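Q: Chains as they are written, first to last, in the numbering used here: chain A, 1 to 254; chain B, 1 to 411.
Think of the hints as simulated: they come from the structure by calculation, not from any bench.
Values in this document were obtained by computation on a predicted structure and should not be read as measured data.
It is possible that some hints are incorrect.
Unchecked claim - The calculated DMTMM-like cross-link candidates involving lysine to aspartate or glutamate, where the alpha carbons are at most 25 angstroms apart (straight line), are:
1. A:Lys75 / B:Glu292
2. B:Lys403 / B:Glu292
3. B:Lys221 / B:Glu208
4. A:Lys214 / A:Glu239
5. A:Lys75 / B:Glu290
6. A:Lys248 / A:Asp212
7. B:Lys403 / A:Glu131
8. B:Lys221 / B:Glu340
9. A:Lys75 / B:Asp291
10. A:Lys214 / A:Glu190
11. A:Lys248 / A:Asp21
12. B:Lys403 / A:Glu126
13. B:Lys403 / A:Glu149
14. A:Lys66 / A:Asp9
15. B:Lys54 / B:Asp107
16. A:Lys66 / A:Asp221
17. A:Lys118 / B:Glu208
18. A:Lys214 / A:Asp203
19. A:Lys248 / A:Asp227
20. B:Lys403 / B:Asp291
21. A:Lys125 / A:Glu201
22. A:Lys214 / A:Glu201
23. A:Lys75 / A:Glu144
24. A:Lys75 / A:Asp203
25. B:Lys403 / A:Glu144
26. A:Lys125 / B:Glu408
27. A:Lys118 / A:Glu131
To be verified - Some chain A residues near chain B, calculated using beta-carbon distances under 10 angstroms:
28. His79
29. Arg89
30. Val168
Just so you know, even glycine gets a beta-carbon here, dropped at the ideal spot from N, CA and C.
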Amino acid sequence: MSALLSVRDLGMRFGGLLAVDGVSFDVNSGQVVSIIGPNGAGKTTVFNCISGFYRPTSGQVSLLGKTISGLPGHKVARHGLVRTFQNVRLFRTMTVVENLLVAQHSRVDTNLLTGMLKTRAYRAKEAAAMERAGFWLDQVGLREVANREAGNLAYGQQRRLEIARCMVTGPRLVMLDEPAAGLNPNETRELDELILLLRAEHDVSVLLIEHDMKLVMEISDHIVVIDQGRPLAEGTAAEIRNNPDVIKAYLGES
Amino acid sequence: MPGQLKGALFSAAVMLVLAVPILGIQITTEGSSVSLVGELHYAFIAAGLVFVFKLLERPLSTLLGMTHAANLLPSADRMATYRPAILTVLIVLAFIWPFTASRGAVDVATLALIYVMLGLGLNIVVGFAGLLDLGYVAFYAVGAYSYALLTEYFGLSFWISLPIGAGLAALFGFVLGFPVLRLRGDYLAIVTLGFGEIIRLLLNNWDELTGGPDGIGNIPKPTLFGLEFTRTAKADGNIPFHEFFGLEYSGTYRVIFLYLLALLLVLFTLFVINRLIRMPVGRAWEALREDEIASRSLGLNPTNIKLSAFTLGASFGGMAGCFFAARQGFINPESFTFIESAIVLAIVVLGGMGSQIGVILAALALTVLPELARQFEEYRMLVFGLVMVLMMIWRPQGLLPSKRPRMELPT
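Please build the complete structure, drawing on both the sequences and the hints.
A: Below you can see the structure in the form of structure tokens.
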């Protein structure tokens, strides 16, 4: 079985700085894969390369066998790979439900004429989009704030909304960049459950960057460790926990 | 309290500086000679008033129990239920009004409606999509010259030229937008500013086609189903409007007709834009304005979406231009200088970016007030600038900030 996402020998150079060098890994469908590493290791750069925000200087990224490296971000998203950001990026002055409607842009009827005339097909697609938005608001428990401005939500709610906004696009793979940053232990636990729910019931794979080791170890099927742009280790949670190189990178030479 | 005193003194000083040239110097005519007489006491009275008001501002507002103007209006929910009724009444009044008003007033109102159209069009680009366009007048010019040239060279009527003019302006918007929309913020503003000037200079210097600075005259007025509003019919076998209905000839009919036509075009514009902002494309404009990176990560193509805003905005500018040419009967490049772009932009900012009602109010204010205060014409720009500065300090969101049409999810 071929992997859902395969990253081969990824490299990203900014002038004289080699930020990512020779990173390779696979994400199989239904897997939760985490990328961990010390600050500045190049984790987010890997994310940006995969999601089309950077054009990698070397290597190849493919989704379901199709090469996506080098495509612009919005095309990558249309292939079924969406992401969240380290700092929440919602459409703050739009309402919660509008955030979810915008995300479905490529699934609704964007024809100007049919929209202007409100044809039956147009209305059906808008209604379907609204229904999907409602469904995902229920999934992340935000239905009661659906008509509030997204910028006014509590931080934890904003994080959940960002994940819901990814899910309404109907992705194959969601990439979450430090989803637990700034959450309290309770919220982190809820996030943990949410990620497992996504995988169990909605047939998506998850690629995760996270510093919360408890969360990572609990939910990851596979962990990739990166240090100074290079792959350091790869394996299951148990393997990584006992890997001497990883311990050294995190705790320093002793 | 000392802070308040300082603030009040400062405000009074500013008022004094502003008021001396406006109120303090009176122009008196004696026979044929004109002399300036300094009458500074008005300026001092004005400054004194400002001082007292600023000093008492806070005590007064607490005394009145914070009755802000907003609280005097019915709550938003009640407004929402009355909205359709209020709108209908306003529209009906707008249709009846010209028959009761003077010819001059109707004429000014027509001009105001042109600016409403322009403001609404630019609002798509600046207000909804968040793209600062300083060359909007270019599309206005394209529309106006489209009609003038199409009728001069091909004898096309206003009604045929109107969609063509709007279409050509849209085409110009598209062609300009394609290379330019990769730029952001300030860079975009500068390029559009340049584009506006290029169009004006082109019209000014392409003598053979556009008549250069002399412009194009004798542009026919719009007709009502082929009926002309002239004393005698210009086209063979045509009968003018007044003969058809057995009325005395009067120039007023034409003025009223033009007003009603402008009103219809404004209503059309409003209808289209109101649909657009509730459609996926409108949501995408706003999303892009809010956060381009997040929009891209969700599969929205920024270039296409910006281009759609730019093109649609331009088409309304073209429509307004077409109507302007028909109303004036004469156009030259002088009508399409940068100051027009600035005024239309001021209308959008003053009204509240993305707010339709706000833009309409601002357009009316900025075109009607200067007409009412003709004797202060020299100070027009001064006051204009002052108002903009004050707005930016106290109400940067505009007169009536936009309340987006919310797609409600029933809970």
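Q: It remains to establish, for every hint, whether it holds in the given structure.
A: Each hint, compared with the structure:
Proximity of A:Lys75 to B:Glu292 is assessed by CA-CA distance (about 14 angstroms); at most 25 angstroms being required, the pair is judged to hold. Proposed proximity of B:Lys403 and B:Glu292 is supported: the alpha carbons are some 21 angstroms apart, at most 25 angstroms. The hinted pair formed by B:Lys221 and B:Glu208 meets the criterion: a straight-line CA distance of about 24 angstroms does not exceed 25 angstroms. At most 25 angstroms may separate the alpha-carbon atoms for a hinted pair to count; A:Lys214 and A:Glu239 meet this at roughly 15 angstroms.
As the CA atoms of A:Lys75 and B:Glu290 are separated by approximately 20 angstroms, the hinted pair is consistent with the 25 angstroms bound. With a C-alpha separation of about 18 angstroms, the suggested pairing of A:Lys248 with A:Asp212 holds against the 25 angstroms cut-off. At roughly 24 angstroms between alpha-carbon atoms, B:Lys403 and A:Glu131 fall within 25 angstroms of each other, so this suggested pair holds. The suggested pairing of B:Lys221 with B:Glu340 holds, with an alpha-carbon distance near 23 angstroms, which does not exceed 25 angstroms.
Proximity of A:Lys75 to B:Asp291 is assessed by CA-CA distance (about 17 angstroms); at most 25 angstroms being required, the pair is judged to hold. Restraint check for A:Lys214 and A:Glu190: the C-alpha separation of about 13 angstroms stays at or below 25 angstroms, so the hint holds. This hinted pair checks out: A:Lys248 and A:Asp21 have alpha carbons roughly 20 angstroms apart, not beyond 25 angstroms. For the suggested pair B:Lys403 and A:Glu126, the alpha carbons sit about 21 angstroms apart, so the restraint of at most 25 angstroms is met.
Under the criterion of a C-alpha separation no larger than 25 angstroms, the hint pairing B:Lys403 with A:Glu149 is consistent with the structure, at around 11 angstroms. The hinted pair formed by A:Lys66 and A:Asp9 meets the criterion: a straight-line CA distance of about 16 angstroms does not exceed 25 angstroms. This hinted pair does not check out: B:Lys54 and B:Asp107 have alpha carbons roughly 40 angstroms apart, beyond 25 angstroms. Between A:Lys66 and A:Asp221, the direct Cα distance comes to roughly 24 angstroms. Compliance with the 25 angstroms bound is thereby established for this hinted pair.
Note on A:Lys118 and B:Glu208: the hinted pairing is violated, with a Cα-Cα distance of about 46 angstroms set against a maximum of 25 angstroms. For the proposed pair A:Lys214 and A:Asp203, the alpha carbon gap of about 24 angstroms is at most 25 angstroms, so the pair holds. Distance check on the hinted pair: A:Lys248 and A:Asp227 sit about 11 angstroms apart at the alpha-carbon level, within 25 angstroms; holds. Distance hint between B:Lys403 and B:Asp291 is fulfilled; the C-alpha atoms sit about 19 angstroms from each other, no more than 25 angstroms.
Taking the CA atoms of A:Lys125 and A:Glu201, the gap is about 24 angstroms. The hint holds against a cut of 25 angstroms. Straight-line distance between C-alpha atoms of A:Lys214 and A:Glu201 comes to about 23 angstroms, which keeps the hinted pair within the 25 angstroms bound. With a C-alpha separation of about 33 angstroms, the suggested pair A:Lys75 and A:Glu144 falls outside the 25 angstroms cut-off, and the hint is violated. Between A:Lys75 and A:Asp203 the alpha-carbon distance is near 21 angstroms, which keeps this suggested pair within the 25 angstroms criterion.
A C-alpha spacing of about 21 angstroms is found between B:Lys403 and A:Glu144, which places the hinted pair at or below 25 angstroms, so the restraint holds. Our distance criterion of 25 angstroms between C-alpha atoms is met by A:Lys125 and B:Glu408, whose separation comes to about 16 angstroms. Proximity of A:Lys118 to A:Glu131 is assessed by CA-CA distance (about 18 angstroms); at most 25 angstroms being required, the pair is judged to hold. Interface restraint check for A:His79: the shortest CB-CB distance to chain B comes to about 9 angstroms, inside 10 angstroms, so the restraint holds.
Below 10 angstroms, beta-carbon pairs count as interface contacts, and A:Arg89 has one with chain B at about 4 angstroms; its hint therefore holds. Annotation: A:Val168 was flagged as interfacial toward chain B, and the flag holds, the nearest CB pair being 9 angstroms apart, inside 10 angstroms.
Of the numbered hints given earlier, the model fails hints 15, 17 and 23; all others are met.
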